[in-house]
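Residue numbers (my numbering), protein chains in the order written: chain V, 1 to 207; chain F, 208 to 419; chain A, 420 to 693; chain G, 694 to 982.
Any given hint could be a false lead.
Computed list of lysine-lysine pairs in DSS-like fashion (alpha-carbon distance at most 30 Å, straight line) [claimed, not checked]:
1) G:K754 - G:K837
2) A:K589 - A:K535
3) G:K837 - F:K293
4) F:K365 - V:K64
5) F:K264 - V:K64
6) F:K365 - G:K939
7) F:K325 - A:K614
8) A:K614 - A:K534
9) A:K546 - A:K534
10) F:K325 - A:K546
11) F:K294 - G:K755
12) G:K939 - G:K837
13) G:K954 - F:K325
14) F:K238 - G:K782
15) G:K942 - G:K782
16) A:K614 - A:K546
17) A:K535 - A:K654
18) G:K954 - G:K837
19) V:K64 - F:K325
20) G:K942 - G:K754
21) G:K939 - G:K954
22) G:K782 - F:K232
23) A:K504 - A:K589
24) A:K546 - F:K264
25) A:K614 - A:K535
26) A:K654 - A:K504
27) G:K755 - G:K954
28) G:K942 - G:K755
29) V:K64 - G:K837
30) F:K325 - G:K782
31) G:K942 - F:K365
32) V:K64 - G:K782
33) F:K365 - G:K782
34) A:K534 - A:K589
35) F:K365 - G:K837
36) A:K654 - A:K690
37) V:K64 - F:K238
Worth flagging that the hints you see were computed from the coordinates, not collected in a lab.
What follows is the residue order along each chain.
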Amino acid sequence: MRREIPIAICFLAGIFYTLELFIPHRQVLSIFETVRQWAQILIAFAYVLAIANILRVNFHAIQKNQRDWPYKVVLIVSLFFMITLGIFFGGIGEGTIFDWVYYHAQYPLQSTMFALLAFFIASAAFRAFRIRTLEAALLAVTAVLVMIGRVPVGEELWNNFPDFTEWIMNVPQLAGKRAIMIGAALGAISTALKVLTGLERTYLGGE
Amino acid sequence: MDLGTIIWNTIALFLTVCIFSFLYKDNPFYKFAEHLVVGVSAGYFAIILFYNGFVPKVWIPVTTRGEWWYLLPAILGVMTWTRFSKKWAWISRFSIAFYMGIAVGVALPLEMQQRVVKQLHATMLPVHFMDIQGFWNLLIILGVLCGLVYFFFSVEHKGAVGGAARLGIWILMIGFGAGFGLTVMGRISLLADRIQFMREWYLMVTQALWGA
Amino acid sequence: MDFYNRLMNLDRRWVYLVVGIAVIIPVLNPFRVPVFVTQEVRSIYDFVESLEPGDIMFLAIDYDPQAMAEVHPMARAIMRQCFAKDVKLIISALSQNGPGMAEQLISEVAREFGKKSGIDYCYLGYKPYFGLVILAMGQNFRIPFPEDYYGVPLDSLPMMRDVRNYDDVKGVVDISSGNITDAWIIYGNGRYDVKLAIGVTGVMTANYYPYLASGQIFGLMGGLKGASEYEALSKQGDRAIKMMSIQTTAHIVIVLFIVAGNIGYFMSRKKNKK
Amino acid sequence: MKVISFIRVLFFFLYFLLIASPLSFAQEDLSQSWFNPHRVNMLIFLIFFFAIIIYFIDRAKKGKSLFIRRIAGLDAIEEAVGRATEMGKPVLFIPGIEDIDQIQTVAAMIILGNVAKMVAAYDTPLFVPICRPMVVPVAEERVKEGYASAGRPDAYNRDNVRYISDEQFAYAAGVQGIMLRDRPAANLMFGSFFAESLMLAETGFLTGAIQVAGTANIHQLPFFVVACDYTIIGEELFASSAYLSKEPKLLGSLKGSDLTKAIIIGILALGAILETLGITQFTRWFFIE
Numbered sequence: 001m002r003r004e005i006p007i008a009i010c011f012l013a014g015i016f017y018t019l020e021l022f023i024p025h026r027q028v029l030s031i032f033e034t035v036r037q038w039a040q041i042l043i044a045f046a047y048v049l050a051i052a053n054i055l056r057v058n059f060h061a062i063q064k065n066q067r068d069w070p071y072k073v074v075l076i077v078s079l080f081f082m083i084t085l086g087i088f089f090g091g092i093g094e095g096t097i098f099d100w101v102y103y104h105a106q107y108p109l110q111s112t113m114f115a116l117l118a119f120f121i122a123s124a125a126f127r128a129f130r131i132r133t134l135e136a137a138l139l140a141v142t143a144v145l146v147m148i149g150r151v152p153v154g155e156e157l158w159n160n161f162p163d164f165t166e167w168i169m170n171v172p173q174l175a176g177k178r179a180i181m182i183g184a185a186l187g188a189i190s191t192a193l194k195v196l197t198g199l200e201r202t203y204l205g206g207e
Numbered sequence: 208m209d210l211g212t213i214i215w216n217t218i219a220l221f222l223t224v225c226i227f228s229f230l231y232k233d234n235p236f237y238k239f240a241e242h243l244v245v246g247v248s249a250g251y252f253a254i255i256l257f258y259n260g261f262v263p264k265v266w267i268p269v270t271t272r273g274e275w276w277y278l279l280p281a282i283l284g285v286m287t288w289t290r291f292s293k294k295w296a297w298i299s300r301f302s303i304a305f306y307m308g309i310a311v312g313v314a315l316p317l318e319m320q321q322r323v324v325k326q327l328h329a330t331m332l333p334v335h336f337m338d339i340q341g342f343w344n345l346l347i348i349l350g351v352l353c354g355l356v357y358f359f360f361s362v363e364h365k366g367a368v369g370g371a372a373r374l375g376i377w378i379l380m381i382g383f384g385a386g387f388g389l390t391v392m393g394r395i396s397l398l399a400d401r402i403q404f405m406r407e408w409y410l411m412v413t414q415a416l417w418g419a
Numbered sequence: 420m421d422f423y424n425r426l427m428n429l430d431r432r433w434v435y436l437v438v439g440i441a442v443i444i445p446v447l448n449p450f451r452v453p454v455f456v457t458q459e460v461r462s463i464y465d466f467v468e469s470l471e472p473g474d475i476m477f478l479a480i481d482y483d484p485q486a487m488a489e490v491h492p493m494a495r496a497i498m499r500q501c502f503a504k505d506v507k508l509i510i511s512a513l514s515q516n517g518p519g520m521a522e523q524l525i526s527e528v529a530r531e532f533g534k535k536s537g538i539d540y541c542y543l544g545y546k547p548y549f550g551l552v553i554l555a556m557g558q559n560f561r562i563p564f565p566e567d568y569y570g571v572p573l574d575s576l577p578m579m580r581d582v583r584n585y586d587d588v589k590g591v592v593d594i595s596s597g598n599i600t601d602a603w604i605i606y607g608n609g610r611y612d613v614k615l616a617i618g619v620t621g622v623m624t625a626n627y628y629p630y631l632a633s634g635q636i637f638g639l640m641g642g643l644k645g646a647s648e649y650e651a652l653s654k655q656g657d658r659a660i661k662m663m664s665i666q667t668t669a670h671i672v673i674v675l676f677i678v679a680g681n682i683g684y685f686m687s688r689k690k691n692k693k
Numbered sequence: 694m695k696v697i698s699f700i701r702v703l704f705f706f707l708y709f710l711l712i713a714s715p716l717s718f719a720q721e722d723l724s725q726s727w728f729n730p731h732r733v734n735m736l737i738f739l740i741f742f743f744a745i746i747i748y749f750i751d752r753a754k755k756g757k758s759l760f761i762r763r764i765a766g767l768d769a770i771e772e773a774v775g776r777a778t779e780m781g782k783p784v785l786f787i788p789g790i791e792d793i794d795q796i797q798t799v800a801a802m803i804i805l806g807n808v809a810k811m812v813a814a815y816d817t818p819l820f821v822p823i824c825r826p827m828v829v830p831v832a833e834e835r836v837k838e839g840y841a842s843a844g845r846p847d848a849y850n851r852d853n854v855r856y857i858s859d860e861q862f863a864y865a866a867g868v869q870g871i872m873l874r875d876r877p878a879a880n881l882m883f884g885s886f887f888a889e890s891l892m893l894a895e896t897g898f899l900t901g902a903i904q905v906a907g908t909a910n911i912h913q914l915p916f917f918v919v920a921c922d923y924t925i926i927g928e929e930l931f932a933s934s935a936y937l938s939k940e941p942k943l944l945g946s947l948k949g950s951d952l953t954k955a956i957i958i959g960i961l962a963l964g965a966i967l968e969t970l971g972i973t974q975f976t977r978w979f980f981i982e
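So here's chain V without its partners, still in its complex pose (with noise of 0.2 Å):
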């Protein structure tokens, strides 16, 4: 009971959605779109599951007074405060205060994050592009290659350089791509019919 009917579940759910390519009815593809949307009304709740893991978490750290817990409070005094803006000062649209903190806390917090990516991607290059072996001088030579072929330095060296980056993103960048993609997509295939049949169960959990 407690696990066939969930597999029988996901497997009507599954196939109904494996037709849906193949149906171009009107009627039945607006019923699809429909029970799509239900997938995301889910997804409001189970965000209330998240919203309890993460309290439940940081309240113990505080509790225990673990290493850094100042920081928790942070933490938790931010996402109260973000919900009580959201709801009771004006709600989400532009120019609320929800939108301004949106705008000069998250959006540079994040975006700085992300910028950080730069320095990251130096020191990953200058740590790991060393010839050791002819894999790795394959590697290499083509990701400084490429390097050079983007910006006019390349040009200044040889006329045909960008033509010849080109050449390596249109020729063996595209075959290598596409070997993975089509042995990706297999397994992710098998992996997907097997979760459907019910051979593959783990994301039902344990008993």
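Given the structure of chain V, go ahead and fit chains F, A and G onto it with the hints provided.
Frame of chain V; chains F, A and G shown alone:
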């Protein structure tokens, strides 16, 4: 320039610097910013899901239009909450299974279409020696074939299979190198963008303090 | 530790510092890197230059805001070049998240040149299913777009009075970050023989050279580099050029680090062998 | 008999090749019909692939032993966990940033179960930071089950499966925090990663952890290859469930997927040869609108 804008932008600048300080080493400012971004973004998503998921898709249809069937997904959603109880936790599996089923069903044919059949179609290229492209086509086809051989799991990589697999891994390495080199540009743009922001803040503040 | 070993195991923070400086300097003191103009970009510029005042060109702004950094400068430069020459524009935005961004750009450039909607340009806006829209516009612009973006019927716009379909425009420049480009090539050029040029993001560029060779498109701008070439030719704006200088210094620095790391590696290995 | 059935198959094949080939760009209205004839090829491919997989799973269940080649990256998981336990330091498992509806996340959950089993025998904490709400219950169950099957249900600590944030870079910041302050000695990253991949891998390198990463997201593989000790590439990620568990039914599906690859190689070669000879019918049959 009004005071509000300056204050908000100064906050943004402070947070930007906090994150950048991580490059030197982990420090209290970075820790503060890190916990802040986690907390704020979790709260942000809660509110976004509330206004975009719950209100228009459940609350309004049910209360104003009487479309009761929108309660069905809401019930499925509430069922996930049974995880708070040890005894009833198994009920949450119904929702997870429903969600998985839809996801897997959508993904199955699309993976086949986009990543297998379309790629196959694009790789069946004519090989000839009239121009250089015909020869490159041969290289592409051989590259894909060798790459695929690398992903054979049930044969030992020895002999001809081993040779092809080795060639395959070389092709993959060239592809990875190219991917790495190509990404540098985008990441540098992001950094330039943040530095540009800091510069604009500096100009704004100096202008506000001492005039143009 | 000897010099080579130290070079090989350089603290990452030195790498960070140098990369930071390599980006900050060109941001604060922009300098110009040499821009090599390729034929495929020049032919777009030459085409726009060849238009007479009063001619109509079609500009398709088909990218999402995420791709702005790379392709926005292209759209801006072409628009400015057209308005400077009093060439009229019909503009569409067939990418889902693009119309608002396109509107901003249009109103900004139009204000700068004192151009009026309906007289000097016509902004059609967005309709879903770009393939069908492009096909329908081949019959008549009014089929997918009875009204322009601002809700004004096309028939009441002075510049659209005698304009029916692609036959009445001199050419189409499509700037895109996705597969809308393919639709323009297959439907626009393939079905209606539209004179077509494209601007695409860096990653996409390589895929479209075959169309250039076969003559299906007459020009091609690829990524930030293509944008900087166009800016240099048309002398309209310098955002992409500035960005190119930042990219150049940063790329050189990273490549030098890789080379230095390898020198350190090989020299210290040589010593160890002795 | 054999000849007749061969001819029948050939006829069937030719029929689809020449008559039913979905090559027209026809714009007819399908909004009232129950089947899209332009996708008949897709349907056949899907059924064909399903049949192969199911057949091999069935065969494997009957007890035919199957060979599987060594995957260095997956062996490295055990090594990394072993080293972490020796040092008395935690293990960090990062299951990517996409929801459980992404097959890569499912594959990651399978690996997580096996890792939990390895870790449970020693008193080593296993941290699992999570980016999507629906992954939380699944990961909790997987870890709990892993501990239980190793005979240590008491060692399971619920607080170590942590939801961090749905936002990509907030999540990356949170995980970096765990790396810097809890100092795990083994970072295992499996699943669907995006730009945060290099952030995590570089910070992990800084802390001196052994890193094993696996993803099928091609655009992130270069960064894992560069910054991690071992990288699991594309399909290897999906093969891992069979590899780690050695369950016959899973090994069987691997065999089926291998056969499909062999067939694809054949089709590809045939298609290229026919295309070279100027025969385009065959290629067109793989065309999808």
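Status of each hint after checking the structure:
1. G:K754 - G:K837: holds, 27 Å
2. A:K589 - A:K535: Given pair K589 of chain A, K535 of chain A holds - Cα atoms ~20 Å apart, limit 30 Å.
3. G:K837 - F:K293: holds, 13 Å
4. F:K365 - V:K64: Violated - the C-alpha atoms of K64 of chain V and K365 of chain F are around 56 Å apart, more than 30 Å.
5. F:K264 - V:K64: With Cα atoms ~41 Å apart, K264 of chain F and K64 of chain V exceed 30 Å; violated.
6. F:K365 - G:K939: holds, 22 Å
7. F:K325 - A:K614: Between K325 of chain F and K614 of chain A the Cα gap is close to 29 Å, so the pair holds against 30 Å.
8. A:K614 - A:K534: Roughly 25 Å separates the two Cα atoms, so the pair holds.
9. A:K546 - A:K534: holds, 25 Å
10. F:K325 - A:K546: The given pair, whose Cα atoms are some 27 Å apart, holds under the 30 Å limit.
11. F:K294 - G:K755: Judged against 30 Å, a Cα distance of about 37 Å means the pair is violated.
12. G:K939 - G:K837: holds, 21 Å
13. G:K954 - F:K325: Roughly 15 Å between the alpha carbons, so the hint for K954 of chain G and K325 of chain F holds.
14. F:K238 - G:K782: At roughly 22 Å apart (the allowed maximum being 30 Å), K782 of chain G and K238 of chain F satisfy the hint.
15. G:K942 - G:K782: violated, 35 Å
16. A:K614 - A:K546: Distance ~22 Å between K614 of chain A and K546 of chain A Cα, so the pair holds.
17. A:K535 - A:K654: holds, 23 Å
18. G:K954 - G:K837: violated, 36 Å
19. V:K64 - F:K325: violated, 56 Å
20. G:K942 - G:K754: Status holds; Cα separation ~6 Å.
21. G:K939 - G:K954: Status holds; Cα separation ~21 Å.
22. G:K782 - F:K232: Status holds; Cα separation ~21 Å.
23. A:K504 - A:K589: Holds, at roughly 14 Å.
24. A:K546 - F:K264: Cα-Cα ~25 Å, so holds.
25. A:K614 - A:K535: holds, 26 Å
26. A:K654 - A:K504: holds, 13 Å
27. G:K755 - G:K954: holds, 23 Å
28. G:K942 - G:K755: Holds: K942 of chain G and K755 of chain G sit about 9 Å apart, inside 30 Å.
29. V:K64 - G:K837: Measuring from Cα to Cα gives roughly 23 Å; hence the hint holds.
30. F:K325 - G:K782: Distance of about 47 Å is beyond 30 Å: violated.
31. G:K942 - F:K365: holds, 26 Å
32. V:K64 - G:K782: Holds, because 20 Å separates the two Cα atoms, which is no more than 30 Å.
33. F:K365 - G:K782: Distance ~39 Å between K365 of chain F and K782 of chain G Cα, so the pair is violated.
34. A:K534 - A:K589: Between K534 of chain A and K589 of chain A the Cα gap is close to 20 Å, so the pair holds against 30 Å.
35. F:K365 - G:K837: Violated: K365 of chain F and K837 of chain G sit about 41 Å apart, past 30 Å.
36. A:K654 - A:K690: Given pair K654 of chain A, K690 of chain A is violated - Cα atoms ~55 Å apart, limit 30 Å.
37. V:K64 - F:K238: holds, 19 Å
In this structure, the hints that do not hold are numbers 4, 5, 11, 15, 18, 19, 30, 33, 35 and 36, in rising order.
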